[in-house]
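Student: First to last, the protein sequences are chains A and B.
Sequential numbering from 1 applies to the first sequence in full-length UniProt numbering.
Sequential numbering from 1 applies to the second sequence in full-length UniProt numbering.
No lab work stands behind these hints, which were simulated from the structure alone.
Each residue gets a CB set at the ideal place from its N, CA and C atoms; glycine is no exception.
Check the hints yourself; a few may be wrong.
[What the hints assert, rightly or not] Lysine to aspartate or glutamate pairs mimicking EDC-like chemistry, simulated, CA-CA at most 20 angstroms apart:
hint	chain 1	residue 1	chain 2	residue 2
1	B	111	A	131
2	A	277	A	35
3	A	311	B	84
4	A	311	B	244
5	A	211	B	223
6	A	234	B	84
7	A	173	B	157
8	B	111	B	157
9	A	125	A	207
10	A	234	B	157
11	A	125	B	152
12	A	125	B	84
13	B	89	A	224
14	B	89	A	35
15	A	211	B	114
[Stated by the list, open to error] Derived contacts from chain A toward chain B, CB cut-off under 10 angstroms, selection only:
hint	residue
16	51
17	218
18	235
19	242
20	243
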Amino acid sequence: MNFWAYLAKRFLHAIPVYIGISIVIFSLIHLIPGDPAQAVLGDAATPEAIQALREQWNLNEPLWEQFLIWFFNVLQGDFGRSLHTNQPVSEIIASRLPVTLTLTVSALVFSLLIALPVGIISAIKRNTLTDHVSRVIALLGISIPNFWLGLVFIIVFGVYLRWLPPGGFHFNKGFVPGVMSLILPAVSLGAFFAAISMRMVRSSMLEVMRKEYIETARAKGLAERWVIRSHAIKNAFIPVITVIGLQTGTLLAGAVLTETIFFMPGIGRELITAMAKRDFPIIQGLILFFATVYVGINILVDLSYAFLNPKIEYS
Amino acid sequence: MTGTPSLNVVNLKTHFFIREGVVRAVDGVSFSVDQGEVLGIVGESGCGKSITARSILRLVPNPPGRTVDGRIEFEGKDLLELSESEMRKVRGNRISMIFQDPMTYLNPTMKVGDQITEVLRLHLDMNETQARARTLELFRDVNIPEPEGRLDNYPHEFSGGMRQRVMIAMALACEPGLLIADEPTTALDVTVQAQILDLLRRIRDDLNSAIILITHDLGVVAEICDKVVVMYAGQVVEQANVYDLFDEPKHPYTRGLLDSLPTPEHRVDQLKPIPGQPPDLLRIPKGCNFAPRCAYCMQKCIDEEPPFREVAPGHMSRCWLDSVTQTAVAAAE
Numbered sequence: 001m002n003f004w005a006y007l008a009k010r011f012l013h014a015i016p017v018y019i020g021i022s023i024v025i026f027s028l029i030h031l032i033p034g035d036p037a038q039a040v041l042g043d044a045a046t047p048e049a050i051q052a053l054r055e056q057w058n059l060n061e062p063l064w065e066q067f068l069i070w071f072f073n074v075l076q077g078d079f080g081r082s083l084h085t086n087q088p089v090s091e092i093i094a095s096r097l098p099v100t101l102t103l104t105v106s107a108l109v110f111s112l113l114i115a116l117p118v119g120i121i122s123a124i125k126r127n128t129l130t131d132h133v134s135r136v137i138a139l140l141g142i143s144i145p146n147f148w149l150g151l152v153f154i155i156v157f158g159v160y161l162r163w164l165p166p167g168g169f170h171f172n173k174g175f176v177p178g179v180m181s182l183i184l185p186a187v188s189l190g191a192f193f194a195a196i197s198m199r200m201v202r203s204s205m206l207e208v209m210r211k212e213y214i215e216t217a218r219a220k221g222l223a224e225r226w227v228i229r230s231h232a233i234k235n236a237f238i239p240v241i242t243v244i245g246l247q248t249g250t251l252l253a254g255a256v257l258t259e260t261i262f263f264m265p266g267i268g269r270e271l272i273t274a275m276a277k278r279d280f281p282i283i284q285g286l287i288l289f290f291a292t293v294y295v296g297i298n299i300l301v302d303l304s305y306a307f308l309n310p311k312i313e314y315s
Numbered sequence: 001m002t003g004t005p006s007l008n009v010v011n012l013k014t015h016f017f018i019r020e021g022v023v024r025a026v027d028g029v030s031f032s033v034d035q036g037e038v039l040g041i042v043g044e045s046g047c048g049k050s051i052t053a054r055s056i057l058r059l060v061p062n063p064p065g066r067t068v069d070g071r072i073e074f075e076g077k078d079l080l081e082l083s084e085s086e087m088r089k090v091r092g093n094r095i096s097m098i099f100q101d102p103m104t105y106l107n108p109t110m111k112v113g114d115q116i117t118e119v120l121r122l123h124l125d126m127n128e129t130q131a132r133a134r135t136l137e138l139f140r141d142v143n144i145p146e147p148e149g150r151l152d153n154y155p156h157e158f159s160g161g162m163r164q165r166v167m168i169a170m171a172l173a174c175e176p177g178l179l180i181a182d183e184p185t186t187a188l189d190v191t192v193q194a195q196i197l198d199l200l201r202r203i204r205d206d207l208n209s210a211i212i213l214i215t216h217d218l219g220v221v222a223e224i225c226d227k228v229v230v231m232y233a234g235q236v237v238e239q240a241n242v243y244d245l246f247d248e249p250k251h252p253y254t255r256g257l258l259d260s261l262p263t264p265e266h267r268v269d270q271l272k273p274i275p276g277q278p279p280d281l282l283r284i285p286k287g288c289n290f291a292p293r294c295a296y297c298m299q300k301c302i303d304e305e306p307p308f309r310e311v312a313p314g315h316m317s318r319c320w321l322d323s324v325t326q327t328a329v330a331a332a333e
């Protein structure tokens, strides 16, 4: 089977996944207590006014009918409109996405820049001081929740030392202020990811360095640096890429908290706000969007796996 | 051009320093091999034969392993005296190695062609085009069918025998003065084994290289070796040319090995296996290492380590007995 046929097959597989996700998202939201009409109109609203609004939003129809209405609209690219601002959901996502994308990609780049070299060095210099120090730092990175790290960063670097802005997303003020405003959130979001990737790289490198073909490479007269670069790293990265790729989805989940803490206008904070207001169409649209990213990453990881490992064929 | 020594190993000691103590994996091993000669190193698993091979290339993982004593003379130099970068110029170039399982010893994610051109570019300073042309030639030399299409294949796309040919082609790339083959046929079918041995024989004749063949298979030794070294518990216990060793083994251990070999005269139900297990290398007995398993063991064998001495012209044995069939000279002393 060639590459394109494989890709097409993977996309076909995604269809039932999507239908399942849609049903779950829709049911969960409608099972949560709280009436959006009440939330929009406030406590002082009359029951008649609430009823009228519910009627307008089809909230009085049976749940399955509401689902079908929403689902077929989604199929046509219509994710509905915000119950509060009447702005189309797709427009909201499009306007907030750049912030979230910038944040998660920066966090990913930051973590990999740390994790890959440190993991490799830690494995090569196993049981030395370098190894011990990096492992302790990794343990801290894994143990500290990112929202807490974010708060500490804001207090220390934003409020006390005043080195970096304590929140916001300042690319509208220029590139440099934008980057400055990105550092704290990207580091606090990427810390866990960096730590977990570093440990993965380290253990995978250790395993590969024990392999027989590494001895062959040494017996060829290759310098140790070359043995590592051309024989160890690619083999070590095959399992690492799978796990790192799948973990990338957790960065998105982390972005929800990080954006809230750092007051960044991304889709994560939008989601929290929409939940508070029971703005169903936004919540449904955003979660469906998150799901799309997850599915997309999964397909990418599978493709890269086959690309790295010649033993795997697209089938 | 036999007779010119290629490699001379003198009193080699490679020990492993682990928490429980010192494992004397190779403990005073000496042998030499001439150009155009095939030396067999025989022994059970764990007797130190593979560690001996890796010590020659200085590939024993350190820590825990370290070559603590001895000389490895090769092409006028003591390899143990060389710096690491000088040693790298010897590995894969003047001395190369073939390993037991070509599946695990070839990099699974690298095209086989690249795994060979790498050696040529490193040691012979070839460019990519020259290296590929030479690799193609090597593939032809080791009889890989339709070699043109095979350079860009990955190891898993070859059969076991073909993989071993790739491994051999890699080892031959720089026409080494010494080829060390560590159990090169153990993982292969018998018919393929014979082809690989043929190939090694041809290499010896064409390149006049010295070959060290490490094996536990005396059949393979009889097939190809000129000289044999028998190892037991980190020491050489017997050394002789292949005819003398098979006709008249002097050491009881060698005798035991030969007796446990099935032949048409000795069918499997008549085989005499050597009783017991090799000693724990952490707790080597005071006298002869083989004494606890030896059918000819005397009090002297338990008390005193026998010397490695010439018991017949060109025939060395580490035993108080001159020959397992004769009376003990030592006992009479």
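Student: Would you mind confirming whether the straight-line C-alpha gap from residue 125 of chain A to residue 84 of chain B stays at or under 20 angstroms?
Tutor: holds, 18 angstroms
Student: Holds or violated: residue 89 of chain B with residue 224 of chain A, Cα cutoff 20 angstroms?
Tutor: Holds, because 13 angstroms separates the two Cα atoms, which is no more than 20 angstroms.
Student: Closer than 10 angstroms between Cβ atoms is the bar; does residue 51 of chain A clear it against chain B? Give me holds or violated.
Tutor: violated, 66 angstroms
Student: Checking one constraint from the list: CA of residue 234 of chain A to CA of residue 84 of chain B, max 20 angstroms. Satisfied?
Tutor: violated, 25 angstroms
Student: Is it true that the CA of residue 311 of chain A sits at most 20 angstroms from the CA of residue 84 of chain B?
Tutor: Not OK: residue 311 of chain A and residue 84 of chain B at ~35 angstroms, beyond 20 angstroms, violated.
Student: Quick one, is the residue 243 of chain A hint okay against chain B at 10 angstroms, beta carbons?
Tutor: Violated, because the Cβ-Cβ distance from residue 243 of chain A to chain B comes to roughly 18 angstroms (cut-off 10 angstroms).
Student: Does the structure keep residue 211 of chain A and residue 223 of chain B at a Cα separation of 20 angstroms or less?
Tutor: violated, 31 angstroms
Student: Classify the hint on residue 235 of chain A as holds or violated, based on whether any CB of chain B lies nearer than 10 angstroms to its CB.
Tutor: It holds, given that the least Cβ distance between residue 235 of chain A and chain B is near 6 angstroms, below 10 angstroms.
Student: What's the verdict on residue 277 of chain A and residue 35 of chain A, does the C-alpha distance respect the 20 angstroms limit or exceed it?
Tutor: Given that 20 angstroms is the threshold and the Cα spacing comes to 9 angstroms, the pair holds.
Student: Can the restraint linking residue 111 of chain B and residue 131 of chain A be considered satisfied, given a maximum Cα separation of 20 angstroms?
Tutor: violated, 33 angstroms
Student: Using the nearest Cβ pair, does residue 218 of chain A come within less than 10 angstroms of chain B?
Tutor: holds, 6 angstroms
Student: Just to be careful: measuring from the Cβ of residue 242 of chain A to every Cβ in chain B, is the smallest value less than 10 angstroms?
Tutor: Hint violated; residue 242 of chain A Cβ to chain B Cβ min 14 angstroms, cut 10 angstroms.
When the structure is compared with the earlier hints, violations turn up for hints 1, 3, 4, 5, 6, 7, 11, 14, 16, 19, 20 and for no others.
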